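A.B. asks: Spelled out from the first residue to the last, the chains are:
2 protein chains.
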Amino acid sequence: MALGKDYADQDCGIARTLEIIGERWTALIVRDCLYGVTRFSDLQVHLDISKAVLADRLESLVANGVLEKLTGEGHPEYVLTRAGRDLWPLINAMAQWGNRHGTGGTRTPTRAFRHADCGSLIDINGFCTACKIIPEVTEIISTPERASRRTDPVTQRLREPRRLLDPLR
Amino acid sequence: MALGKDYADQDCGIARTLEIIGERWTALIVRDCLYGVTRFSDLQVHLDISKAVLADRLESLVANGVLEKLTGEGHPEYVLTRAGRDLWPLINAMAQWGNRHGTGGTRTPTRAFRHADCGSLIDINGFCTACKIIPEVTEIISTPERASRRTDPVTQRLREPRRLLDPLR
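From first to last, the protein sequence lines are chains A and B.
Positions 0 to 168 (numbering that gives the first Met the number 0) are the ones given, in order, by the first sequence.
Positions 0 to 168 (numbering that gives the first Met the number 0) are the ones given, in order, by the second sequence.
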């Protein structure tokens, strides 16, 4: 692309966030990690992108302290660091805004975010209007709201209600 | 760039948001509009990007219902629509995450977001911990916290405490 990925003279938190998650597909990788996806092959099948692009984005997220790559027996796993988990309010705001105002108009999302304690939907600020609190990311359940047109195995497993960050293995 | 700007098969609010504000510079244009910048020339001097890129991004934001272009006497003005103002939680989360975790480590931001009623900083969820509420975007004051290295006239005017969306003319 003609423009670099840094915003050197902007001196602004938003620009610094975009330097780390502003590249194409990167925010969707973080979304999948919040859903508990940990493996390269699962990320690839769910995002349906090339291995080269995925490998590049994962390397960058690890280098920037958003993901940790765990290597032991079996497949390496990518898990969100504390900084990565702190992206939850941003990812939630993106999801909620897109469902309300995104291309194609208002529609029921395939999955919604609910407070585990009460089952209520959380809002664009991550606020549970029933309990009047902002639950931690680990207190959020992703629930299926309508059928997805995708049929890959990861999408199928995400059709169950699942707590965020609960590893999908 | 090799990849298009849509995420056709993702069927997800996050992807639909990225289709509208995921292009390079677009989120920073929305940020400036929240700060009250309304004119093409002011956006250009503050973002320091080419007129062609700025014109392209503005046209896209108008087409996608985020900005309205007001033409009357004098310069046209770009103002956020209701959908555009609803991007505030996302822009706030981006700013706060970047200041805490962005490239270069934790540092005092040049500007902070405070609740107009009490002067307290709001958090990454847009929550005022003093008042225990989530203020509306028009109840947020942008305050200077440290000197910016930028010297353009728009940056200089934004050094004053200013209410978000208060037009900068």
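Hint data in this document are derived by calculation from the structure and do not stem from the laboratory.
Just so you know, these numbers come straight off a predicted model, no measurement behind them.
We treat Cβ as the ideally placed atom computed from N, Cα and C, and that holds for glycine.
Check before you lean on any hint, since a few could be wrong.
Claimed, not checked - Covered stretches of chain A (chain B as the covering partner; in silico rule of three or more C-beta atoms under 8 Å from a C-beta of chain B):
1) 32-41
2) 50-56
3) 75-87
4) 122-128
5) 161-167
Claimed, not checked - Label-pair distances were calculated between CB atoms; the ranges are:
6) A:D165 with B:P152: 47 to 55 Å
7) B:T80 with A:G64: 45 to 53 Å
8) B:R148 with A:R148: 32 to 40 Å
9) A:G64 with B:E135: 32 to 40 Å
10) B:V78 with A:E159: 25 to 33 Å
11) B:C117 with A:T128: 15 to 23 Å
Stated by the list, open to error - Coverage of chain B stretches by chain A, computed from C-beta distances (three or more under 8 Å per stretch; other residues unrestricted):
12) 14-22
13) 30-44
14) 74-87
15) 96-102
16) 114-127
17) 134-144
A.B. asks: Do at least three Cβ atoms from the stretch 50-56 of chain A come closer than 8 Å to Cβ atoms of chain B?
C.D. replies: violated (count 1)
A.B. asks: Does the Cβ-Cβ separation between A:G64 and B:E135 fall within 32 to 40 Å?
C.D. replies: holds, 33 Å
A.B. asks: Taking 8 Å as the C-beta cutoff, is the stated coverage of the stretch 134-144 of chain B by chain A satisfied by three or more residues?
C.D. replies: violated (count 0)
A.B. asks: Just to make sure I understand the rule, a stretch counts as covered if three or more of its residues have a C-beta closer than 8 Å to a C-beta of the chain. Does the stretch 74-87 of chain B meet that for chain A?
C.D. replies: Check passed, 3 qualifying residues.
A.B. asks: Range first: 45 to 53 Å. Now tell me if the beta carbons of B:T80 and A:G64 are that far apart.
C.D. replies: Violated, at about 36 Å.
A.B. asks: Holds or violated: 47 to 55 Å for the Cβ distance of A:D165 and B:P152?
C.D. replies: holds, 51 Å
A.B. asks: Three residues minimum, CB to CB under 8 Å: does the stretch 30-44 of chain B make the cut for coverage by chain A? Let me know.
C.D. replies: Our answer is that it is violated, as 1 residues pass the Cβ test (under 8 Å) against chain A, missing three.
A.B. asks: Do at least three Cβ atoms from the stretch 32-41 of chain A come closer than 8 Å to Cβ atoms of chain B?
C.D. replies: violated (count 0)
A.B. asks: Is the distance from the Cβ of B:C117 to the Cβ of A:T128 consistent with 15 to 23 Å?
C.D. replies: At roughly 22 Å between Cβ atoms, A:T128 and B:C117 fall inside 15 to 23 Å, so the hint holds.
A.B. asks: For the stretch 96-102 of chain B, does the count of residues with a C-beta closer than 8 Å to a C-beta of chain A reach 3?
C.D. replies: holds (count 7)
A.B. asks: Please check whether the stretch 75-87 of chain A has three or more residues whose CB lies within less than 8 Å of a CB on chain B.
C.D. replies: holds (count 3)
A.B. asks: Against the range 32 to 40 Å, how does the distance between the Cβ atoms of B:R148 and A:R148 compare: consistent or not?
C.D. replies: violated, 48 Å
Consistency note: the structure conflicts with the earlier hints numbered 1, 2, 5, 7, 8, 10, 13, 17.
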